[in-house]
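J.: Listed below, chain by chain, are the residues.
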Amino acid sequence: MVDTFLNWLSHWDAIAALMAALITFIGLSVSSFASRYMKGDTTYRLFFVQLILLITSLCIMVSADNIILLLVAWSLSNALLVRLMIHKASWKAAQTSGVLAARNYLLSTCFMASGFALLYAITHHTSVNAIVHHATSSELMLPALILILLAAMAQSAIWPFHRWLLSSLNSPTPVSAIMHAGLVNGGGFLLVRFAPLYLRYPTLLAFIFCIGIMTALCGTLWKLMQSDVKRMLACSTLGQMGFMLAQCGLGLFPAAVAHLLWHGMFKAYLFLESGSAAQEKRFDLGYPPKLLAFMGALLCGFAGSVAFDYITLNSWVAGDSSLVLIVVAFIAASQFALPLLRFNTVQNLPVALVCTVAVGLFYGFSVHVVAVIMHPMGLMQPQPLTYVHILGIIALGATWLALLFFRHRAKTSNLPSWMLKGYVTALNASQPHSSTVTAHRNHYQYL
Amino acid sequence: MDQLHMHTVNHDGAHYDTHYIQDVIAQSFKNSAPFWPLKNLIAVNPLQGLEHLPIEQALALANAYFQQKDLPARMYAVNCETIKWLQVYCDDGQATLPMPLRHHGMYTSWRQLAVYDARLHKHDKQKQTFLRELPQAAEEAIAQCLEYLRIAKEEHVQFLTLMLTTLPGWSSHVAYRTKWARADESNLYPMRQEDYVAIRLIISTLLWPKAKELLDWHKKAVVGSQSANTALVKMEIAEKAYRTRLLQKLATQAISASHTPAAQLIFCIDVRSEQFRKSLESTGDYQTLGFAGFFGIPAQITNVITHESYASCPVLISPKHTVKESPCSPRACENDKKGYERLVMLKSIYQSVKYAFTTPFALVESIGILSGVWMAIRSLMPRVAAHIKIAAVEAVRKTQELEPRLDTISLSDQCSYALNALKMMGFTSNFAPIIVLCGHGSTTQNNAYETALDCGACGGRHGGGSARILAAILNQKKVRAHLIQNGICIPQTTRFIAAEHNTTTDEVTLYNVPDVPEVESLRAHLQKARAINSQKRLEKMGEKTQALRAVSDAWLRAHDWAQVRPEWGLARNAAFIVGPRDLTASLDLEGRCFLHSYDYKKDPQGAYLTAILTAPMVVGQWINTQYLFSTLDNVAYGAGSKITLNITGKLGVMQGNASDLMTGLPLQSVYSSDTQAYHEAQRLLTVVFAPQALLDTIIQAQPVLHKLLGNGWAQLVCMQPDDRTMYLLNRDFTWQRLS
Chain A
1 MVDTFLNWLS HWDAIAALMA ALITFIGLSV SSFASRYMKG DTTYRLFFVQ
51 LILLITSLCI MVSADNIILL LVAWSLSNAL LVRLMIHKAS WKAAQTSGVL
101 AARNYLLSTC FMASGFALLY AITHHTSVNA IVHHATSSEL MLPALILILL
151 AAMAQSAIWP FHRWLLSSLN SPTPVSAIMH AGLVNGGGFL LVRFAPLYLR
201 YPTLLAFIFC IGIMTALCGT LWKLMQSDVK RMLACSTLGQ MGFMLAQCGL
251 GLFPAAVAHL LWHGMFKAYL FLESGSAAQE KRFDLGYPPK LLAFMGALLC
301 GFAGSVAFDY ITLNSWVAGD SSLVLIVVAF IAASQFALPL LRFNTVQNLP
351 VALVCTVAVG LFYGFSVHVV AVIMHPMGLM QPQPLTYVHI LGIIALGATW
401 LALLFFRHRA KTSNLPSWML KGYVTALNAS QPHSSTVTAH RNHYQYL
Chain B
1001 MDQLHMHTVN HDGAHYDTHY IQDVIAQSFK NSAPFWPLKN LIAVNPLQGL
1051 EHLPIEQALA LANAYFQQKD LPARMYAVNC ETIKWLQVYC DDGQATLPMP
1101 LRHHGMYTSW RQLAVYDARL HKHDKQKQTF LRELPQAAEE AIAQCLEYLR
1151 IAKEEHVQFL TLMLTTLPGW SSHVAYRTKW ARADESNLYP MRQEDYVAIR
1201 LIISTLLWPK AKELLDWHKK AVVGSQSANT ALVKMEIAEK AYRTRLLQKL
1251 ATQAISASHT PAAQLIFCID VRSEQFRKSL ESTGDYQTLG FAGFFGIPAQ
1301 ITNVITHESY ASCPVLISPK HTVKESPCSP RACENDKKGY ERLVMLKSIY
1351 QSVKYAFTTP FALVESIGIL SGVWMAIRSL MPRVAAHIKI AAVEAVRKTQ
1401 ELEPRLDTIS LSDQCSYALN ALKMMGFTSN FAPIIVLCGH GSTTQNNAYE
1451 TALDCGACGG RHGGGSARIL AAILNQKKVR AHLIQNGICI PQTTRFIAAE
1501 HNTTTDEVTL YNVPDVPEVE SLRAHLQKAR AINSQKRLEK MGEKTQALRA
1551 VSDAWLRAHD WAQVRPEWGL ARNAAFIVGP RDLTASLDLE GRCFLHSYDY
1601 KKDPQGAYLT AILTAPMVVG QWINTQYLFS TLDNVAYGAG SKITLNITGK
1651 LGVMQGNASD LMTGLPLQSV YSSDTQAYHE AQRLLTVVFA PQALLDTIIQ
1701 AQPVLHKLLG NGWAQLVCMQ PDDRTMYLLN RDFTWQRLS
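These protein sequence lines are chains A and B, in that order.
Reading the first sequence from the start, the letters are residues 1 to 447 in this note's numbering.
Reading the second sequence from the start, the letters are residues 1001 to 1739 in this note's numbering.
Everything labelled a hint here was simulated from the structure, so no lab data went into it.
Nothing here was measured: the structure is a model prediction, and the numbers come from that model.
Using N, Cα and C, we set each Cβ at its ideal position, and we do this for glycine too.
Careful: at least some of the hints might be erroneous.
Residues from chain A that face chain B, not an exhaustive set, calculated with beta carbons under 8 Å [stated by the list, open to error]:
#, residue
1, Ala-93
2, Ser-167
3, His-263
Isolated chain A (complex conformation) (with noise of 0.2 Å):
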């Protein structure tokens, strides 16, 4: 008997058990990180359990089945993170954080509710698993989907949805830790429980990407320009919740949990150890690069990439999607090899090629073994290519040379209007929102 009801409420596959793993881990090490770095704090006992509530939240809400409990553990989760973020409301700048986020998370959940009350329309379950399985076509599918999008954009902070995300940082470090790792994924989790219905609109899944790649470009475009380290973080998390965004609209919803779950312990970490930004020095990394040592990085980055087709069984003339992953491979194995030939090119080249070759390996295996446990859930679906992908390839390898040979430039000379302008605009953009900026001082509180 409560087995069944347990059943029926909950569904342990891969994405559940990977998305519990992850949470789980994050949470354990910023509690266990909390329970130093809190001590003193007035409302230190609430914080853990809280903290708590948050975790077994956020278990029941990936290994949920039923909507509605998905829906209740995903608002009480949103619900919980406010509560947390918040942390000491008579710090105004904090408080409204906290509402701008609830509100977005609000949204969110109608957009949730309306495309599951459409879904159940169309299909007459409330299972997940039944709803994906046996739903018929209908017109009313493409604007639940549609709905699921919204909610998912939301809650990852995809353009136009950022500007919550950028206005949240008056949380506690550890807060923020266990926000940009786990529930800004709720989005792409979102999507990849969907995935199977996703994948019957290609045209749907282009828009996908596009609205990704957008979001990455910006995200990115914004974490270069900033100049605190906890609002770089948060740029640098649109930007990577763009391209999870643009790999499941690639088809490629495997990729996008590897993507998802990687980058949540990396971004964990980095808010962790922001304190330490002052002490990191930055390197000059002579740029531009010479021709040659441009020339060789491109070769290792080439051998980097094959590297990484190896292990996750793609192939760069397979010609369908997943080859801007693999492009993406090849930009980051060059961008990787340039330090190692800046001097003594040809000298240091085959050193510089093993190594490539080695993270590239390295690389393909910390996602291939994603794509392994999910694999009985039979989402690794590369589209065929289309100008679209081509386009996203194109602004992905452009952004990249432009900052590789051109912003030196910017450094010493003068800068034509319109570069200025796009300055002025991008950091205007990339600002929080007013009323959660401390503007007199004495408004902050810790009380």
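For chain A, the structure is supplied; the task is to place chain B on it using the hints.
T.: Same frame as chain A, but now just chain B:
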């Protein structure tokens, strides 16, 4: 309503000339105490600009300037935009795509960008024109804005002062950059006070044309701040109780006949040295002395391998010599160079992939799992993580001993530094076979305030470098010969050894140790002292621990990335004692006293005492007031809680999304919990063991002492050497005998 009143104003603003504007601005900056960047946090009195006033008046005025609950509502938007532009202009290496045109200077670059700032002009044609037609010179822009805002000439200084004090932290940074930043900050972009004020005024003119109302707001605030200052009353009670206790203890101490101990160790005057000295003295026949941690050498120290360079002297002094430091042998040099190159390569690869377009997506996917595992180890097993980290760093670049090259300091300078240092401490005879010069520094992880725990006398850096220089000087035969001519005879067998005391772990590292047997027992005793002190330190942290584990537990605090209170720094500092160690050696001063060694008998003219009172004592007062005000109001004068801080531009800290630059110390440095202060707010009490007449002459001649003691920013007690009577210096410079 928000229209600019341009038509009423003649456009050139010419009747205020450049000199007038510069003068007004210099005056308006008087209230802004400088604030040093995170790379060398120097303690400073946040009310430094008000020290010319009696403290009662200063506190009331400071309340009106810095502690107001609210600002006029329109000021918030002005602050928001100012913060936005300051963040990007002042950035010292965080942004990969920094603000363009910075090499032109602050105002010039901003002027070219501001025309595009829709948050300033709000697409209003008139405002856009105003921005486009801004004068080229900041001074002219200021003159123009003052007219637009209709500020009367006699209120210029007051208005500009308010423009600065309504965003006090960032103004402090500008004050630092324009008044105190040294040559080693040459990588930063130029900044002038006029630039900043011009930008601030232009933003105000655009967003709050009636900014003149600020003057009325301030007048009301001043009236509201006149009520009795309860904080001061409380402070006085605590001070008196402490003073009575301390002086009673000091009065009973005998000065014993001097003898030659097994070793002498010279520590920094820092309050943390006192505890360690006491612990060490209990382990054997050691004599310890206190001296400013830069050992009197005004040097800029440059590492020949990394080319990193820093001024290792108090900020009141400019470095006179650039001393190169390198590993001791050519081979070690070569190894260190290779190690450093390896380190740079590894970091460069990471940074190259992290700070670029497109590549970060692959970066997180490939090293996400590693950083996750590392995060878990650091959080759940900080001890293991620390060992791994240390081993990894050693594997990449092995720590090498360094030695200074003295060729940039002339022999006569070397001789005078050596002579002055010894004489100032009254340390001119009974030299032991080993004399250790011990600087200090801290070890903490993931801590924006790391340098606040380092040596203030060394410009907020580790003090080992300065110690190495003086030790090298004092070991030179020629210098010793010169000292003999001046009546200081150091035995040929005596060796000076440089060392560094780690104030977080109490480990003392000896440098370039000579091959003498005495060192071994000294090492053992230093180890023992570390154990004693670690236990005391953990008690103060409220941590219960067994004696056996004390060393390792204290060590863990230094290496735990989640630790917000690695050590208490100079918290609870209360007094500055100038005199021989015998006065204090058998007392438990609880790590609350700066101790400067001094023998009045060797200083008949009072020259050394003058130096002590006008340099180390003043630095002590800066430290004392920083702790004091950070404790009294951690929001207005401190940095707030570490748990929400956000490092901006690698130079300072904001709270959350963005805020004023949070100057002062964080909550966790002075409070043991959100509500419980650990530091005790009281003003520095200086106790001098010297004749009253000598002190009188010195105080009369020194304006800085007049200011601090006369206005009640510090207190002074004279302890008469002959009969041990105590006299407290009144604010009117009369002496009051204490019973």
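J.: Each hint needs a verdict: does it hold in this structure or not?
T.: Against the structure, the hints come out as follows:
1. Ala-93: holds (6 Å)
2. Ser-167: holds (6 Å)
3. His-263: At about 4 Å, which falls below the 8 Å cut-off, the nearest Cβ of chain B leaves the hint on A/His-263 intact, so it holds.
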